[in-house]
Amino acid sequence: MEANLEWYIGLSTILFTIGALGVLTRRNAIIIFMSVEMMLNAANLAFVAFARHHANLDGQLFVFFVMTVAAAEVAVGLALIVAIFRSKQNINVDDLNLLKG
Amino acid sequence: MALTLLTFSPLIGVALILLLKPFGRETDDGIRGIALISSVIIFVVTSALTIAFEDNGALQMVVDVDWIPSLGIGYRLGIDGLSVLMVWLTSFISMLAIWSSFKAIDHQVKQYYIFMLLLEVGMMGVFLAQDLFLFYVFWEFTLVPMYFLIGIWGGKERVYASIKFFLYTMAGSLLMLLAILYMGIKADTFSLVELIAVRDLFGADEMVQNMLFLGFAIAFAIKVPVFPFHSWLPDAHTQAPTAGSIILAGVLLKMGTYGFVRFNLPLFPDASVNFAPLIAVLAIIGIIYGAVVSFAQTDVKKLVAYSSVSHLGFVMLGIFSLNEAGIQGGILQGVNHGLSTGALFFMVGVLYEQRHTRAMDAFGGVWKAMPVFSVLSLVITLSSMGLPGLNGFVGEFSILLGTMGSPVLGPAWIYTAFATTGVILAAVYLLWMFQNVFMGPLDKPENQKLVDVNPRELAIMLAFLVFIVWIGVAPSPYFNTMGESVAALMDTAITPALEQAATAITSVAP
Amino acid sequence: MNTFGIAPLILIFPIIGVLFNGLAGRRFIEHDREIGERWSGWFASAMALMSFAIAVSLFFVLRGNEYHAETITLFDWFNIQIASWGMNFHIPWAIQVDTLSVTMMLVVTGVGSLIHIYAIGYMHGDANFSRFFTYLNLFLFFMLILITGNNYMMLFVGWEGVGLCSFLLIGFWFEQTDEKGSAVNVDAARKAFVANRVGDLAMILAMSLTFWTFGSLTFDTVFAEALAHAGDDPGAAVVYLPWMFEEESEAIEPAVAITHDEMMTDDHGEAVDDHGEAIDDHGEAMDDHGEATDDHGEAVDDHGEAMDDHGEATDDHGESKGHYTPVPVDHQHASGGLGISLGAMLTAITALFLIGATGKSAQIPLFVWLPDAMAGPTPVSALIHAATMVTSGIYLIVRSNVLFELVRESGYEMFGLISSPTLVAYVGAFTAVYAGLIAFTQFDIKKVLAYSTVSQLGFMIAAVGMGAYVAGMFHLITHAFFKALLFMGSGSVIHGMEHGHHDLHGHGHGDDDHDEDAHGDEHHAEAHGDHFDPQDMRTMGGLREQMPITFAVYMVGALALAGIFPLAGFWSKDEILAHASSNGFHPDGWQFEFIGVYALLSIAAVCTAFYMGRQLKMVFFGEPRHEAAKHAHESPPTMTYPLIVLAGLSIFGGMVLNLPYLFGEHDHAEGFYLMLEQWLHHSITSFSLTEAGIVHMPHTPLTLSYMVAGLSTILAVGAILGAFYGLYGNRPQTADEKDPLESTPIWWMAVLPLNTLYMDYLVPVFNRVADWTAFRLDWEIWHDMVHDKLIRDPFVGASKVASEIWDRKGVDGVVNGVGRVANWLSGVMRLSQTGFVRNYALSVFLGVVLLLAYFWLMAS
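Chains as they are written, first to last, in this note's numbering: chain A, 1 to 101; chain B, 102 to 611; chain C, 612 to 1471.
For reference, chain A alone in the conformation it holds in the complex:
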């Protein structure tokens, strides 16, 4: 059975939802980070699927951008997490409420 667009979209949605829920519910900064990556990749999947469906390379192009950004993000984000970990000895985001009004 040939995989049609709906399946890809569905998978992308599921991945995105899992990522979003992960971001919203998890406490561990690394996991949140991973969830964010998952959401990004869900978006990538959607891009690729639509590019295939429309026979247009624009979507593929965007995926490269996203991956580049994600890589940069990982670099910065992990550095931040490491720095936070160094000062706080943990990476539970609930403890990071310095912005609380």
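The hints are simulated quantities; they were obtained by calculation from the structure and are not laboratory data.
Backbone N, C-alpha and C define an ideal beta-carbon position, used for all residues, glycine too.
Where hints are given, some of them may not hold.
Said to hold, decoys possible - Below, computed lysine-lysine pairings styled on BS3-like, alpha-carbon distance capped at 30 Å:
id	chain 1	residue 1	chain 2	residue 2
1	B	Lys204	B	Lys550
2	C	Lys1058	B	Lys469
3	C	Lys1241	C	Lys1349
4	C	Lys791	B	Lys550
5	C	Lys791	B	Lys545
6	C	Lys791	B	Lys469
7	B	Lys257	C	Lys1400
8	C	Lys1411	B	Lys257
Stated by the list, open to error - Listed below are several chain C residues computed to face chain A (Cβ distance under 10 Å; list not exhaustive):
id	residue
9	Val1448
10	Arg1449
11	Ala1452
12	Leu1453
13	Phe1456
Guided by the hints, dock chains B and C onto chain A, whose structure is given.
Just chains B and C now, with coordinates in the frame of chain A:
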């Protein structure tokens, strides 16, 4: 221009005093010297002005510069017979007041003399201003230095006294300000001369005229002070330093009587005629009341202070007898009171500096210890008492004569008779004071240590005495400085008002 | 100005004396007591003598000028134009030399010089010797101003000036206290001044009225105007003062408005016409009035000419008439306007003069100061309180004789009872009797003389009140002689007694030089601790042997005062009595008022003789009743010589000055009889009015009335003998013995009803009132309560309310409220800021969802 210079010339003294510090020469004596010299120069200038002054009934040396043209406010100065003696008196009294405080003031000397000179500016301005707005500015301005003079260098209750002085006089002035604004806006000018010319504009309605009259009258009556408004006076006088009392009695009170002559009579002649009996009654009550209250005092300075109420009663009575003798006598008596009472305050000051008390029963037999001082004090006392041949009598008699011939007081002889009892009472309280302080046995050891006057004190007393005797014996030059102006005032304001009042009676008569 | 030009010198010399002694006298004395005193005393005396010399020269100058008065104007004093009433208040310093003023000058400077010389001895050793002479000269100066001035104002200057000197001299020993420690001398001095000031009040009122009535205060002008307006009938002329046009005035007539207006306008006549038409009823009256004014103008002119007789003085007069257009005195009939009749106005003026005179000349009701004034040194009592100052009231009335006679002529009576000159006479007569009786009860040698002075002044006042001006002046002069003599004699006695007392206690016996020095600073003070009073007659007695000269002259003075023939007092007192009796028992019809005066004065004369007899007896006769009296001795020559001179004057003064015709009217040798009468005729204007028939003044008889003289002499001798051999025959034997009169009603006089009234009732009441007014009314009520409690405190209270409730809770509330709302809001808002990233993320999601929903909705 000359008058501007005259008014503000004390500021030169102020500037010099302020310059001492940058030049590193600031000493108390230096400050005193500069203050005295500048006041002496001003006195010499005003004396020359007074001598050269020829009264022709009109304003002279007029300065008229626009200030706030849109409101008709101008910087207007001028001098005439009604003010020339007052200007002279201001410079004379200021000079002696400054000189008299050389020893008495020993802290914050610089501020003290600056305030004295500023006060002189204010007083000069009051007597020279010919614009109601400008007048009001100067009028209120005099309060400030006086407030500080009492409040900083005064006696124990000085803060109370200075605030009372300030608020009391200020409260009265506000009504005057209202009246001034009313007239100024209505006539579109604040120039006194022009306002007098168009006085029917706001005087046609009797009610309005009476209200305006009262607005001015209350401000001036508080300053004078006319009988029920005198309550600030004993406080201010007893608490003020000697020089402050001298200026207060000598000049500041005269601003009130001067105001009546300068503003009330020419601006509101009909109201003046209407209110003359009332004011005369208050004046007579003041004469008797002030004298009686004086008599009971145990504090010499307070006694002298209350005597002012009595004396100023005479002045008011003279002015509101509304004839030449009374008005001229009233103006001259203002000068006389400045001299006699100023001298009396100085006398009290001399005693106070040595004994640090003013209680009458602390003294007695001072004559034995201080013969020269006592003789001079006797003459001053007698002048205040109105002994003929000294200045007090000249003014008092002119006033009583004017009262007897007053066309507005109804049965004037009754007024005169009551007012004349002031002459008896003056003898009663002043001789009582003199007896208790100077005569009797010299039985208190503190008094035996009193030393007679030093040259500075002698010179000040003699300066007072020269004029006390001069005015007493030959007052004609003084009367001549104001005769024409008073005549003009009568011609242009009072006589028409009297005629109008007479017509009113005619129309009522059957 | 010919030789009258020397007149101002009479004032200048005393002033030089004042300056010399006032500025330098003390230095001289401090430098060398003996020489300094001589300089100080003699310089002052020399100045007095120089003035006397000027007075004498003026006498001759005046004679050379045929008695025409002359006025020397020095410079202006007052000069106020009163244009609104067409008057000029012009008062020069001017000296009037006429026979009256020269008479007074002679008396004042003559007696004054003697007293100056006497005082050199009397005041010897006093610590304030030069001050004393300064005052004496100053007194002389003011007294001379009083009598030389040509106007009432100058008279008043002198009037108050002598009052001042009196004050200073009574309080000369101001340190002296009584047992209770109050300064009695100063109290006496103040009492004198204040009592005099009561009289001065009347003087001021009288002068103001005079000025507004006559437009001047110069004697000649006033009298001329008064006469001009009086015309033939002073009762009819009407006077207007400016205030007599008010509605409130007594008689409200329709003419009010007219007269009012008319006086306001410069031109009399026109105004009258205008209104004459307006009000028909009064038209005629007004026309009359207009004419009358014209007549009146002429009358003034006539008078101006008449005044030429009186010498150059009319120059002034003419001048002042120039600016004196709307004449306030008018011929309109009294009932027609609001003015009052000239008679009534003059009555007011003269009655006020009388009050002034009662103050200065110590009459009922103001005489109470004079007895106390004896606290001053004795020369002062002699000079001021006997011979000169106290007579100024008489001088005033004599000077104003025209006014008094016009009142008499007008028939105007105060309250319909008594005319003012008659009142003057009765005040004098009653005072004479009353003070005479009080004198009975005194033990102080000077107090007796003081009351005697009051009594004698009563004689003079009575005389001038009856119109016997010359008699009054005559008595004034003779009284100056013998009363000065008596006072100085009593001073000599006191001096002697003090020295006797001093010898007794301090310095053993006979150290004469020393005792001269000792009396001095503590003169009169209780030098020795005990309460010996050298003035108490009960401690005296038998002094005729210790002090023969004093005794002799005192005897002369006492007999002269008692009116014993032929001493001075006899002639002068008799002239007064003769005047009273001859006019009282006049053939044309009895004048009741003069009979009363005659009776009272006769009683007073008896009293005089009696108390003088008593005094002579107690002081000089009998045995010494105190050790001091035994040791008393005669005074130095500077004191006794003036006494001898005065004794001579007291003996011959009466006969020489004004000897009446002894045997009918036509036996007189020219110039010897009635010299004073002829002399004063030239300045007492009302005499010439009598001759001209304008006034009907009661005439003093020119011939000695044997009946009156005999009767009074018999009474006087009887009274003296009665006192001598009867009542005080051989009493009192000791100083403690009671006076025989002490149990009689006469003694009640000693309680001094008037003095008690003043000192025990009036003064304490005044003090009480003054205290209440000052401390309760003015301070506690007006100052503390009204100003502080009712104005300041409520204000402070209100400002507290304002600051705490309104401001803090109101204004601040609003301001703070805004903040608080913001705060609360932010509190609410901050809840959203959890700081949890996921929350922020959630909000991002929610935002996305909302955006999507929005787009979706918009799309659909």
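* Violated hints, by number in ascending order, as checked against the structure -> Of the numbered hints given earlier, the structure breaks none, since each of them holds.
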